[in-house]
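With the sequences and hints as input, model every part of the structure.
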Amino acid sequence: MKTKAMLILPPSKSAIQSTLGVTGPPLGLGYLASALENIGHEVRVIDSLAMGYDLADVKRAVQKFDPELVGITATTPAIYDAYGIARAVKEVNPDCRTVLGGPHATFVARETLKECPQLDVVVKGEGEQTIAELASGKKLGAIKGIAFRKKGKVRENEKRGFVKNLDEIPFPAYHLLPMKKYEMRGIKFAAMVTSRGCPFQCVFCSSSKLCGKIWRGRSPENVLEEIKLLKEKYGVREIEFLDDTFTLNKERTKALCALIRKEKVDISWSCSSRVDTINEGLARELKEAGCHSIYMGIESGSQRSLNFLKKGINLNQAKKAVTVLKKLKLNTVSTFIIGIPGETVKAIEKTIKFAKKLTPTLAQFTILTPYPGTEIYEFARRKNLLLTSDWSKYTTLDPVMKLPRFTARKLKGLLRKAYMNFYCRPTQILRIFKWGGFSLLKTLGKVKKYY
Numbered sequence: 001m002k003t004k005a006m007l008i009l010p011p012s013k014s015a016i017q018s019t020l021g022v023t024g025p026p027l028g029l030g031y032l033a034s035a036l037e038n039i040g041h042e043v044r045v046i047d048s049l050a051m052g053y054d055l056a057d058v059k060r061a062v063q064k065f066d067p068e069l070v071g072i073t074a075t076t077p078a079i080y081d082a083y084g085i086a087r088a089v090k091e092v093n094p095d096c097r098t099v100l101g102g103p104h105a106t107f108v109a110r111e112t113l114k115e116c117p118q119l120d121v122v123v124k125g126e127g128e129q130t131i132a133e134l135a136s137g138k139k140l141g142a143i144k145g146i147a148f149r150k151k152g153k154v155r156e157n158e159k160r161g162f163v164k165n166l167d168e169i170p171f172p173a174y175h176l177l178p179m180k181k182y183e184m185r186g187i188k189f190a191a192m193v194t195s196r197g198c199p200f201q202c203v204f205c206s207s208s209k210l211c212g213k214i215w216r217g218r219s220p221e222n223v224l225e226e227i228k229l230l231k232e233k234y235g236v237r238e239i240e241f242l243d244d245t246f247t248l249n250k251e252r253t254k255a256l257c258a259l260i261r262k263e264k265v266d267i268s269w270s271c272s273s274r275v276d277t278i279n280e281g282l283a284r285e286l287k288e289a290g291c292h293s294i295y296m297g298i299e300s301g302s303q304r305s306l307n308f309l310k311k312g313i314n315l316n317q318a319k320k321a322v323t324v325l326k327k328l329k330l331n332t333v334s335t336f337i338i339g340i341p342g343e344t345v346k347a348i349e350k351t352i353k354f355a356k357k358l359t360p361t362l363a364q365f366t367i368l369t370p371y372p373g374t375e376i377y378e379f380a381r382r383k384n385l386l387l388t389s390d391w392s393k394y395t396t397l398d399p400v401m402k403l404p405r406f407t408a409r410k411l412k413g414l415l416r417k418a419y420m421n422f423y424c425r426p427t428q429i430l431r432i433f434k435w436g437g438f439s440l441l442k443t444l445g446k447v448k449k450y451y
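Numbering (the working numbering), first residue to last: 1 to 451.
These aren't lab readings, by the way, just hints derived from the structure by calculation.
Beta carbons are placed, not taken as given, at the ideal position from N, Cα and C, and that holds for glycine.
Check the hints yourself; a few may be wrong.
As the list claims (entries may be wrong) - Below are the PhoX-like pairs computed for lysine-lysine, each with C-alpha atoms no more than 25 Å apart in a straight line:
1) 356 - 417
2) 250 - 327
3) 231 - 254
4) 231 - 287
5) 59 - 114
6) 264 - 228
7) 319 - 329
Said to hold, decoys possible - Computed spacing ranges between beta-carbons, pair by pair:
8) 168 - 388: 38 to 48 Å
9) 40 - 402: 49 to 59 Å
10) 402 - 424: 23 to 33 Å
11) 261 - 170: 18 to 28 Å
12) 250 - 38: 31 to 41 Å
13) 323 - 154: 43 to 53 Å
14) 156 - 388: 47 to 57 Å
15) 384 - 228: 45 to 55 Å
16) 319 - 384: 36 to 46 Å
17) 87 - 64: 11 to 21 Å
18) 327 - 150: 57 to 67 Å
19) 228 - 327: 29 to 39 Å
Next comes the structure, spelled out in structure tokens:
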């Protein structure tokens, strides 16, 4: 059975695109496209952000291709954009099966199907095997990892297990993506994911539930092969590794860096690390292999707040990590969270002062946001702290959780204060210009909405 499938990233107001003129490739859709193509299905991918499509453009593309299955992805604040796509698809062809995936839909599958009657199926968790079974005509009741309607009621099937050997998963279908559109300041760039799963239990993150608590990493050889493909076939010169913690398995990270050097692959890249999974030796190897920037979640200048977040780090580890990276002249992008239950104004000001003292290259400040699937979401629901059920407000820039010591206005004022205090310093202004100007700074406060 050959199915025509279209995979869509909905039009949305991307902060990254509007300020920098670019957006990154939707890797999730790329992986799904490969899974479908590998078993003979005909696939199209619509990256609305990169292609500049609005809803009418997407609807025309659906009419032209006439798919039998449409897969949609969206983050929490962009979920209503996904609903709009589902409605448009059903207007074109009521018989086309509409499928939605992603973290938000995974954790509130029932609510999602109830909120959008035009959606037929929700895929929960990793979707490569699931989308293949959906496209191949397997009966819905026999497909693991989905929620769907049956006789007017929502049914949730058994959970699907995780792919143990990530090397078995084909590379994203880059040939179906508008690769020429992914460019920043004249440099072609791409993103990669080299591992899945997270053993940590941060209350604001759903990664360990979405992809499992057991870390699974691709082999260094497999990762290098994809890097070479991007560089040689698509002219990519810059890569961002989107792994939750690229440095979690130090031996694998070192082996990959050694391979990049051995093969003399000239590529610039950035990655994420925890402050307790980086040291000077490892950081030096990262730099020698082309790494120029490392993202680290420091989150707070208060140990009490770090403990509440279950971050599993201390302030001394944060200081040491940033000091090491600065010594090696590696750019550091550090994230900080305010609006944590139990915080006082003094505690938030302590976080701002800590950020200034550390002086990372760039800092991102956000308001603690209870996304579905996170422990803080369950905490907020249990304590009746959620201020709104309007998912578009869940941007990390607007308070959506009641805090007894803060009004929404007060908390947003403290967020502005954090940015002003950190960036309105001569040395920091110089760093901003070196990194790419104020357009990048404008993006930092918004970027998490579209991650």
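Hint check:
1. Pair hint residue 356 plus residue 417 holds up; C-alpha atoms about 12 Å apart against a cutoff of 25 Å.
2. About 20 Å separates the Cα atoms of residue 250 and residue 327, which keeps this hinted pair within 25 Å; it holds.
3. For the suggested pair residue 231 and residue 254, the alpha carbons sit about 21 Å apart, so the restraint of at most 25 Å is met.
4. Taken as a hint, the residue 231 and residue 287 pair is honoured in the structure, with Cα atoms around 19 Å apart against an allowance of 25 Å.
5. Between the alpha carbons of residue 59 and residue 114 the distance comes to roughly 23 Å, so the proposed pair stays at or under 25 Å and holds.
6. Restraint check for residue 264 and residue 228: the C-alpha separation of about 11 Å stays at or below 25 Å, so the hint holds.
7. For the hint linking residue 319 to residue 329, the alpha-carbon distance of about 15 Å falls within 25 Å, and the restraint holds.
8. A C-beta distance of roughly 42 Å is found between residue 168 and residue 388, which places it inside the suggested range of 38 to 48 Å.
9. For the hinted restraint 49 to 59 Å between residue 40 and residue 402, the CB-CB distance of approximately 52 Å keeps it satisfied.
10. For residue 402 and residue 424, the Cβ-Cβ distance of about 31 Å falls inside the hinted range of 23 to 33 Å, so the restraint holds.
11. For the hinted restraint 18 to 28 Å between residue 261 and residue 170, the CB-CB distance of approximately 27 Å keeps it satisfied.
12. For the hinted restraint 31 to 41 Å between residue 250 and residue 38, the CB-CB distance of approximately 33 Å keeps it satisfied.
13. Between residue 323 and residue 154 the C-beta distance comes to about 52 Å, which sits within the given range of 43 to 53 Å.
14. Between residue 156 and residue 388, the C-beta spacing of about 25 Å breaks the proposed range 47 to 57 Å.
15. For residue 384 paired with residue 228, a C-beta distance near 53 Å keeps the hint of 45 to 55 Å intact.
16. For residue 319 and residue 384, the hinted distance range of 36 to 46 Å is satisfied, since their beta carbons lie about 38 Å from each other.
17. Between residue 87 and residue 64 the beta carbons are some 18 Å apart, a value that agrees with the proposed interval 11 to 21 Å.
18. Judged by the Cβ atoms, the range 57 to 67 Å given for residue 327 and residue 150 holds: they are separated by roughly 60 Å.
19. In this structure the hint that residue 228 and residue 327 lie 29 to 39 Å apart at CB holds, the actual value being about 31 Å.
Hint violations for this structure: number 14 only, all remaining hints satisfied.
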